[in-house]
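2 protein chains.
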Amino acid sequence: MAIKYDAGTGALKNWLVQETAFDERCLGKCEAIFAQGNGYLGVRNALEEPYTGEKRNTFVTGTFNKASADEVTELPNVADMTGITVKINGYELNLLHGELDDYSRTMNLRTGETTRKIRWKTPEGITLTASFRRFVSLADDHVLASALDFSLDQEAEVLLETGMDGSVTNSGAQHFDPPVCRVYDGVDMQFLSKTTQSGVWIAQHAACRLNKDVPALPVMGRRTLKQQYRFEAAPAEQIHFEKICTIHSSRDLSYEQSAPTDMAEALKTDGRKALAAAYEKGYDPLLAESVKAWDTYWTQSDIRLEGDADFDQLAVRFALYHLNIMVKHDDNRVGIGAKAMTGEGYKGHSFWDTEMFILPYFTFTKPDTARTLLEYRFKNLYGARAKAKENGYEGAMYPWESAWVDDGEVTPLYMGADIITGEPTKILTGIIEHHVTADIAYAVEQYEQMTGDRDYMEQYGYEIILDTARFWASRVQYSREKDRYEILDVIGPDEYKEHVDNNAYTNYMAEYNMRLALRVMEKLEQENMPLYQKLDQKLDLAQIREKVLACVDRLYLPQPGADGIIPQSDQYLQLKKLDLEKYKSSEAVMTISKDFNMEQLNQYMVSKQADTVMLLLLLGGQFDEETRRKNFVFYESTTLHDSSLSKSTHAIVASDLGMEEMAYRFYEQSLTIDLGTYMHTSDEGVHSASLGGIWESTVMGFGGARLQEGVLRIAPKLPAKWTGMTFPLCYQGCRLSVTAGRDTVQVKNQGAKDLTLYLYDEKITIPAGAQVERGI
Amino acid sequence: MAIKYDAGTGALKNWLVQETAFDERCLGKCEAIFAQGNGYLGVRNALEEPYTGEKRNTFVTGTFNKASADEVTELPNVADMTGITVKINGYELNLLHGELDDYSRTMNLRTGETTRKIRWKTPEGITLTASFRRFVSLADDHVLASALDFSLDQEAEVLLETGMDGSVTNSGAQHFDPPVCRVYDGVDMQFLSKTTQSGVWIAQHAACRLNKDVPALPVMGRRTLKQQYRFEAAPAEQIHFEKICTIHSSRDLSYEQSAPTDMAEALKTDGRKALAAAYEKGYDPLLAESVKAWDTYWTQSDIRLEGDADFDQLAVRFALYHLNIMVKHDDNRVGIGAKAMTGEGYKGHSFWDTEMFILPYFTFTKPDTARTLLEYRFKNLYGARAKAKENGYEGAMYPWESAWVDDGEVTPLYMGADIITGEPTKILTGIIEHHVTADIAYAVEQYEQMTGDRDYMEQYGYEIILDTARFWASRVQYSREKDRYEILDVIGPDEYKEHVDNNAYTNYMAEYNMRLALRVMEKLEQENMPLYQKLDQKLDLAQIREKVLACVDRLYLPQPGADGIIPQSDQYLQLKKLDLEKYKSSEAVMTISKDFNMEQLNQYMVSKQADTVMLLLLLGGQFDEETRRKNFVFYESTTLHDSSLSKSTHAIVASDLGMEEMAYRFYEQSLTIDLGTYMHTSDEGVHSASLGGIWESTVMGFGGARLQEGVLRIAPKLPAKWTGMTFPLCYQGCRLSVTAGRDTVQVKNQGAKDLTLYLYDEKITIPAGAQVERGI
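Going line by line, the protein sequences match chains H and E. Just so we're aligned: the first sequence equals residues 4 to 779 in the working numbering. Just so we're aligned: the second sequence equals residues 4 to 779 in the working numbering.
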């Protein structure tokens with residue numbers, strides 16, 4: 004494994020992720036971590052030349068399609084535009100062949116550009132010295148571009164071929180009807196395709212520029228359109244080649260308001276126009292525009308760490324880079340994929356991951372984006388209500404997996420083989436993992452408290468809270484024997500435990516959700532009767548109140564036992580013990596699933612990820628510190644952290660409990676989930692929730708920025724290696740710059756109004772434009 | 004290019020095709036020429052480990068499907084079972100990486116088994132010595148098997164993974180719904196899939212055997228099912244691994260008579276049963292059964308050449324090998340693909356190639372297979388009549404491309420880019436290339452004359468002849484001006500000329516077809532009135548006769564001009580001349596299409612392939628030798644031989660004209676169309692018509708075995724390098740063994756009845772069991 008992370012000096016220090024040697028085993032990982040995008044497009048960094056095992060993915064937001072009737076909708080892989088065939092005297096560039104004297108691939112997080120430099124000898128002994136550059140524009144959603152500069156040490160025949168390759172699939176599933184292709188004026192390539200089921204059109208255009216007078220030969224294959232340049236290159240002749248590409252889709256926001264009558268024609272026209280404009284500019288000017296947009300982002304968003312923190316600094320920037328490109332900031336019809344748009348994993352679907360692990364970044368720093376994402380959840384109510392009804396419940400039961408805004412539940416029904424029976428394993432999460440509904444309500448309240456965005460709450464937020472509460476009131480089951488309400492047969496966050504009863508996390512969050520609805524109704528009655536009436540008309544609030552009140556006080560909330568342990572479920576503490584050392588020490592995750600099937604796993608006291616520990620994080624105020632500590636220690640011992648959602652949560656809770664060393668250890672481990680040395684973790688895409696978790700553990704954990712009883716509290720607790728950190732927040736519409744030392748915190752209110760918040764445990768008001776400093 | 008063709012000594016002399024060095028540029032070629040099959044299955048010889056650019060195809064006869072509404076039906080690529088992942092300490096076997104000390108891949112044409120031997124050092128320096136073997140059983144349609152024997156020079160962790168990979172597509176077109184997979188008892192893998200449009204089920208089963216006690220871990224991905232073995236191999240430990248596979252389809256002949264009510268279940272049951280039986284036998288016994296079937300074939304079918312003929316001998320056997328595996332000898336619902344079942348080229352469709360270039364092999368040596376193929380054309384009448392109707396004609400107008408028996412015309416409408424306009428090029432062959440209809444009638448008469456199979460003629464053959472004649476009578480157009488019938492706006496065999504009028508080949512063949520129908524009617528009236536009446540009832544023979552008689556005598560048959568040249572079409576001799584040297588001397592074919600689009604090509608006096616020369620071959624008796632010579636020389640000079648159908652035709656006609664050297668030069672070139680050194684000719688599959696052409700030029704050309712006025716005539720004319728040849732024929736149901744010397748021919752009648760035929764120009768009768776010899 005040869006990825007270097009100490010990259011750069013001077014202005015570039017801790018801005019570069021560098022692969023310094025070519026290692027075929029890291030193809031997938033590097034494709035994902037070097038991926039580029041802008042929220043509209045997501046493009047894996049597959050190398051220009053092909054390799055077996057590569058995943059050459061380009062995704063366009065919102066273009067979901069079902070490849071076949073029995074499958075769930077997913078983001079389809081559109082025709083690849085990143086591949087470039089380079090042949091020298093008939094030998095195709097292939098770094099595994101010939102001789103590779105020099106190799107580096109660099110992602111400059113500051114600019115979003117990747118640069119690959121190689122010196123490679125063909126099997127015939129001709130040396131190619133080349134630099135490949137590539138970016139997806141942050142300034143123009145539709146633009147991506149590549150540049151190739153090279154020379155040879157001997158005269159040779161060069162063949163360059165590139166265009167669109169629509170033979171790509173999603174691991175064998177073809178989402179597109181055959182494309183309609185053509186070339187205009189020998190230059191502009193046009194590739195128009197339509198998804199098979201959802202009827203989404205994709206228009207891809209590209210044009211190339213070569214610093215030699217060589218005509219391009221159009222090469223049209225089945226589902227491919229390319230242009231071929233063939234020429235003699237003199238020794239040391241500098242060849243410059245660039246390719247400018249644009250992608251548009253019929254789901255583009257611009258078509259949402261006024262759909263053209265002939266969508267295909269509109270896309271062709273708009274695409275050609277966009278290509279012409281971009282092509283006229285060329286690679287470097289287009290890059291400059293994109294870099295400017297990145298400048299703006301980093302100026303607002305960078306987090307700076309001081310002390311012995313080089314890798315941490317880079318990893319935090321890496322997270323901030325991906326957090327920025329994983330979301331279409333202005334499109335409330337799409338969520339964030341569990342692998343962002345960097346791989347086929349989880350099909351571009353949104354999970355609770357968004358609200359619990361990613362949204363906090365936006366809620367705390369980019370409220371406009373957070374609002375877009377929560378508007379998406381409002382639009383999701385359509386599917387949530389349908390799902391509740393289908394399952395015999397009331398109100399809004401959010402899909403476990405969500406795709407296009409009205410797709411409803413899209414969790415697949417089966418996954419890999421059961422290692423015992425040999426049959427496909429049933430996926431139950433879409434059926435019985437219910438906590439996501441409360442998680443969304445929780446996120447809505449966090450957003451309200453952090454931003455004070457009444458408009459959102461009035462238009463969308465309250466309705467989400469109220470209708471999710473109604474769901475829970477219909478979901479709980481009365482136990483006559485115990486005279487209490489229970490929630491039976493669920494999966495909690497710990498997905499190694501199926502069909503459990505009274506999962507503590509789920510029950511507490513359900514109770515939270517219902518009480519939140521009661522508070523909302525009370526507040527609206529007092530403060531905004533017109534809105535109350537409007538919502539009442541729509542939802543029948545009296546009924547919700549009645550149903551919630553009928554169960555909420557008697558909803559069973561598992562309490563700590565004599566040993567202080569809160570049972571994760573009715574079953575958990577009675578399960579068989581298992582020596583977890585083998586699995587805990589493995590670099591790979593989910594190795595336990597090679598030894599046990601789900602049915603067997605269900606019988607052991609082993610957890611995939613933070614479950615009760617997650618509860619300690621979200622509703623920690625309900626437990627004393629001793630209880631939290633005992634439960635943290637106990638549940639950590641039974642947890643394999645086989646989900647990327649686990650470690651950052653543990654880091655924050657450990658930090659809260661003053662377990663500084665352990666907190667930092669989990670933090671370090673969470674930083675390496677994508678950036679680490681294990682070669683295959685990111686094959687299916689980066690872990691978007693883990694990247695959000697990096698921000699959470701950095702800013703909410705060590706930076707100590709949290710909501711406490713509805714008010715922002717900043718109480719930094721830096722790890723030993725750090726001497727300081729600076730991070731931005733956005734509170735009540737005002738931008739804050741927070742600078743923390745080991746014992747101090749400085750907050751500058753860059754906004755236009757006074758803000759009241761806690762610094763450590765002191766409640767203070769910071770006037771608009773003012774800066775205050777406090778120590779422990 | 005490192006394919007060796009002098010392979011083998013002793014018993015194996017001229018039986019081995021050997022690739023003696025690994026050359027990535029020859030991947031496609033070798034996959035095709037080393038392809039294996041049995042007429043039911045066709046499996047490309049992709050290497051076990053993956054390479055970019057590979058085409059890992061497995062086809063099952065008759066399983067045609069339309070990948071999308073706008074595409075034509077084609078043979079779908081079923082899940083691959085040939086791939087085996089081999090990892091040594093995490094490094095995947097990849098001959099382009101690490102160090103390759105030794106490499107050979109051998110196809111033993113005698114046994115149908117391929118063997119690949121490698122000595123390869125991993126990037127870590129561990130040496131793997133391995134032998135990979137593979138065959139498709141000729142004894143059992145459904146069975147294919149692989150064996151891998153290897154050792155390492157150091158202890159290392161080995162990972163073997165193999166199963167079914169259903170992520171394969173036809174160049175991006177996915178033909179199958181998601182598969183249903185499972186493993187039984189930890190051993191038997193089952194992979195069941197259904198084509199998306201035609202609803203054809205494919206059941207694939209496989210089981211592996213390893214000479215170590217290592218449990219298999221099932222690995223089920225999207226469209227993949229594999230088993231994984233992970234173990235430590237000691238230095239020099241001999242590892243033996245084998246994989247036995249079976250494939251069944253719902254289009255299997257066995258289901259044709261009595262279709263099971265639950266096809267999927269039947270396929271699962273039958274597949275598991277077949278796998279169990281095959282697995283119990285194991286690789287070597289299964290191979291032995293297959294070799295026995297090959298023994299039978301070669302005993303009956305081998306052609307032996309004497310003299311300086313090593314490569315010719317191998318190439319002829321290579322052709323005989325492929326001719327045997329390209330056809331399902333007993334299934335009259337399927338034809339022969341233009342690339343057999345060795346590649347995606349031409350989608351598994353049958354063209355005139357079958358009747359004109361391949362069928363003669365079967366008609367002259369394997370009449371049962373010939374009959375099967377001509378029964379297929381009888382079944383095709385359904386589509387032929389539909390096509391005639393759609394086009395406003397009468398009778399039977401055969402599809403230019405045929406697939407499943409009732410698919411009708413399946414020629415695609417577009418191909419690659421027009422290099423001038425940038426738009427897709429329209430394919431006109433399905434619309435205006437009409438000669439195939441007469442070609443089939445011609446093949447039927449050849450079959451009748453060679454076999455004397457009255458049963459076929461009465462049940463099928465006459466009807467084909469009569470209804471095709473009716474087509475031609477409706478197709479011809481009367482020219483008032485010239486008071487003659489013409490055939491305007493066609494494509495002749497020369498596909499570089501579109502929209503031509505009075506293509507000589509087409510007109511002569513149409514006339515032949517109509518006169519043949521008149522002869523048939525006359526004969527039936529005289530000899531078999533009941534059949535005449537039956538056909539009359541079905542086809543209205545009086546009407547056919549009337550319509551044919553109305554035009555046949557005045558159908559324009561282009562005559563030689565003052566210079567002796569028969570105009571290929573009304574336009575041809577007026578076209579612009581072009582210097583063809585550049586294209587004629589190119590190793591690659593169709594290079595002219597990089598300089599001209601079809602519209603431009605149409606304006607030049609340049610031909611793709613034998614057209615008028617083909618006429619000289621089929622109906623040569625209608626022209627004197629001088630005319631034939633003049634036309635041969637003239638048209639050869641304007642022909643680029645850009646179709647693989649061209650050279651063998653030229654070889655035979657040159658031989659007929661006594662142009663011995665030229666004949667042999669064309670012959671040699673035709674032998675290398677697949678087996679030669681040019682690296683990409685066979686990428687899309689072997690050229691089945693060219694392979695048939697090799698047999699034609701060998702036996703009908705040099706061997707001089709031809710039908711002359713309905714009677715077999717054998718008049719060998721060996722090339723200078725050969726001193727003798729022996730070949731089998733089957734005439735009137737009797738097997739003949741022919742041994743030719745430079746001036747003599749010996750014929751042994753191995754049949755049970757006396758045969759009358761020509762040896763040179765002497766008509767003689769050879770009594771059953773007797774042998775005669777004649778000299779020039």
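One should not assume that every hint holds.
[Claimed, not checked] If we take Cβ atoms under 10 Å as the criterion, some of the chain H residues that face chain E in the derived model are:
1. Ala72
2. Asp73
3. Met418
4. Lys429
5. Gln546
6. Asp566
7. Gly727
8. Pro770
[As the list claims (entries may be wrong)] Each computed DSSO-like pair below joins lysine-lysine, with the alpha-carbon atoms no more than 30 Å apart:
9. E:Lys766 / E:Lys756
10. H:Lys585 / E:Lys633
11. E:Lys271 / H:Lys597
12. E:Lys597 / H:Lys597
13. E:Lys756 / H:Lys124
14. E:Lys90 / H:Lys597
15. E:Lys197 / H:Lys197
16. H:Lys7 / E:Lys7
17. E:Lys197 / H:Lys276
18. E:Lys7 / H:Lys124
19. H:Lys215 / E:Lys597
20. H:Lys124 / E:Lys633
21. H:Lys429 / E:Lys597
22. E:Lys756 / H:Lys90
23. H:Lys271 / E:Lys124
24. E:Lys90 / H:Lys271
25. E:Lys7 / H:Lys90
26. E:Lys541 / E:Lys587
27. E:Lys597 / H:Lys69
28. H:Lys429 / E:Lys124
29. E:Lys215 / H:Lys90
30. E:Lys271 / H:Lys587
31. H:Lys276 / E:Lys429
32. E:Lys276 / H:Lys120
33. H:Lys597 / E:Lys276
34. E:Lys90 / H:Lys69
35. H:Lys429 / E:Lys633
[To be verified] Reference listing, derived: stretches of chain E covered by chain H, where coverage requires no fewer than 3 residues with Cβ under 8 Å from a Cβ of chain H:
36. 66 to 76
37. 96 to 105
It is worth saying that the hints were derived from the structure and are not from the lab. By construction, the Cβ of each residue, glycine as well, lies at the ideal position given by its N, Cα and C atoms.
Structure-based check of all given hints:
1. Restraint check, Ala72 of chain H versus chain E: the minimum CB separation of about 8 Å is within 10 Å; hint holds.
2. The closest approach between the C-beta of Asp73 of chain H and any C-beta of chain E is roughly 6 Å, which is under the 10 Å cut-off, so the hint is satisfied.
3. For the restraint placing Met418 of chain H at the interface with chain E, the shortest Cβ-Cβ distance is roughly 8 Å, inside the 10 Å limit, so the hint holds.
4. At a threshold of 10 Å, the smallest CB-CB gap from Lys429 of chain H to chain E is about 13 Å, leaving the interface hint violated.
5. Evaluation of the Gln546 of chain H hint against chain E yields a violated restraint, the C-beta minimum of about 43 Å exceeding 10 Å.
6. About 38 Å separates the beta-carbon of Asp566 of chain H from the nearest beta-carbon of chain E, more than 10 Å, and the hint is not met.
7. Of the supplied interface hints, the one on Gly727 of chain H is violated, with its beta-carbon coming no nearer than about 41 Å to a beta-carbon of chain E, more than 10 Å.
8. Among the interface hints, the one on Pro770 of chain H is violated; its C-beta lies about 58 Å from the nearest C-beta in chain E, farther than the 10 Å criterion.
9. Proximity of Lys766 of chain E to Lys756 of chain E is assessed by CA-CA distance (about 17 Å); at most 30 Å being required, the pair is judged to hold.
10. Proximity of Lys585 of chain H to Lys633 of chain E is assessed by CA-CA distance (about 85 Å); at most 30 Å being required, the pair is judged violated.
11. For a cut-off of 30 Å, the pair hint linking Lys271 of chain E to Lys597 of chain H stands: about 27 Å separates their Cα positions.
12. Straight-line distance between C-alpha atoms of Lys597 of chain E and Lys597 of chain H comes to about 54 Å, which puts the hinted pair past the 30 Å bound.
13. At most 30 Å may separate the alpha-carbon atoms for a hinted pair to count; Lys756 of chain E and Lys124 of chain H exceed this at roughly 69 Å.
14. Restraint check for Lys90 of chain E and Lys597 of chain H: the C-alpha separation of about 18 Å stays at or below 30 Å, so the hint holds.
15. At roughly 23 Å between alpha-carbon atoms, Lys197 of chain E and Lys197 of chain H fall within 30 Å of each other, so this suggested pair holds.
16. With a C-alpha separation of about 46 Å, the suggested pair Lys7 of chain H and Lys7 of chain E falls outside the 30 Å cut-off, and the hint is violated.
17. A C-alpha spacing of about 43 Å is found between Lys197 of chain E and Lys276 of chain H, which places the hinted pair above 30 Å, so the restraint is violated.
18. A hinted pair counts as satisfied when its Cα atoms are at most 30 Å apart, and Lys7 of chain E with Lys124 of chain H qualifies at roughly 27 Å.
19. Between Lys215 of chain H and Lys597 of chain E, the direct Cα distance comes to roughly 19 Å. Compliance with the 30 Å bound is thereby established for this hinted pair.
20. The hinted pair formed by Lys124 of chain H and Lys633 of chain E fails the criterion: a straight-line CA distance of about 53 Å is larger than 30 Å.
21. Distance hint between Lys429 of chain H and Lys597 of chain E is unfulfilled; the C-alpha atoms sit about 54 Å from each other, more than 30 Å.
22. Restraint check: the Cα-Cα separation between Lys756 of chain E and Lys90 of chain H comes to about 63 Å, which exceeds 30 Å; the hinted pair is violated.
23. Proximity of Lys271 of chain H to Lys124 of chain E is assessed by CA-CA distance (about 51 Å); at most 30 Å being required, the pair is judged violated.
24. Between Lys90 of chain E and Lys271 of chain H the alpha-carbon distance is near 47 Å, which puts this suggested pair outside the 30 Å criterion.
25. Taken as a hint, the Lys7 of chain E and Lys90 of chain H pair is honoured in the structure, with Cα atoms around 26 Å apart against an allowance of 30 Å.
26. Between Lys541 of chain E and Lys587 of chain E the alpha-carbon distance is near 50 Å, which puts this suggested pair outside the 30 Å criterion.
27. Taken as a hint, the Lys597 of chain E and Lys69 of chain H pair is broken in the structure, with Cα atoms around 39 Å apart against an allowance of 30 Å.
28. For the given pair, Lys429 of chain H sits about 42 Å from Lys124 of chain E by alpha-carbon distance, which is inconsistent with the 30 Å threshold.
29. Proposed proximity of Lys215 of chain E and Lys90 of chain H is contradicted: the alpha carbons are some 44 Å apart, above 30 Å.
30. Restraint check: the Cα-Cα separation between Lys271 of chain E and Lys587 of chain H comes to about 41 Å, which exceeds 30 Å; the hinted pair is violated.
31. With a C-alpha separation of about 27 Å, the suggested pairing of Lys276 of chain H with Lys429 of chain E holds against the 30 Å cut-off.
32. Distance check on the hinted pair: Lys276 of chain E and Lys120 of chain H sit about 56 Å apart at the alpha-carbon level, beyond 30 Å; violated.
33. The straight-line distance between the Cα atoms of Lys597 of chain H and Lys276 of chain E is roughly 29 Å, inside the 30 Å bound, and the hint therefore holds.
34. Using a Cα cut-off of 30 Å, the hinted pair Lys90 of chain E and Lys69 of chain H is violated, with the two alpha carbons roughly 35 Å apart.
35. The hinted pair formed by Lys429 of chain H and Lys633 of chain E fails the criterion: a straight-line CA distance of about 75 Å is larger than 30 Å.
36. For the stretch 66 to 76 of chain E, the proposed coverage by chain H is satisfied: 5 residues have a C-beta within less than 8 Å of a C-beta in that chain, meeting the threshold of three.
37. Three residues within the 8 Å Cβ limit are the bar, and the stretch 96 to 105 of chain E against chain H gives 3, so the coverage statement holds.
In the structure shown, a violation is registered for the earlier hints numbered 4, 5, 6, 7, 8, 10, 12, 13, 16, 17, 20, 21, 22, 23, 24, 26, 27, 28, 29, 30, 32, 34 and 35, in ascending order.
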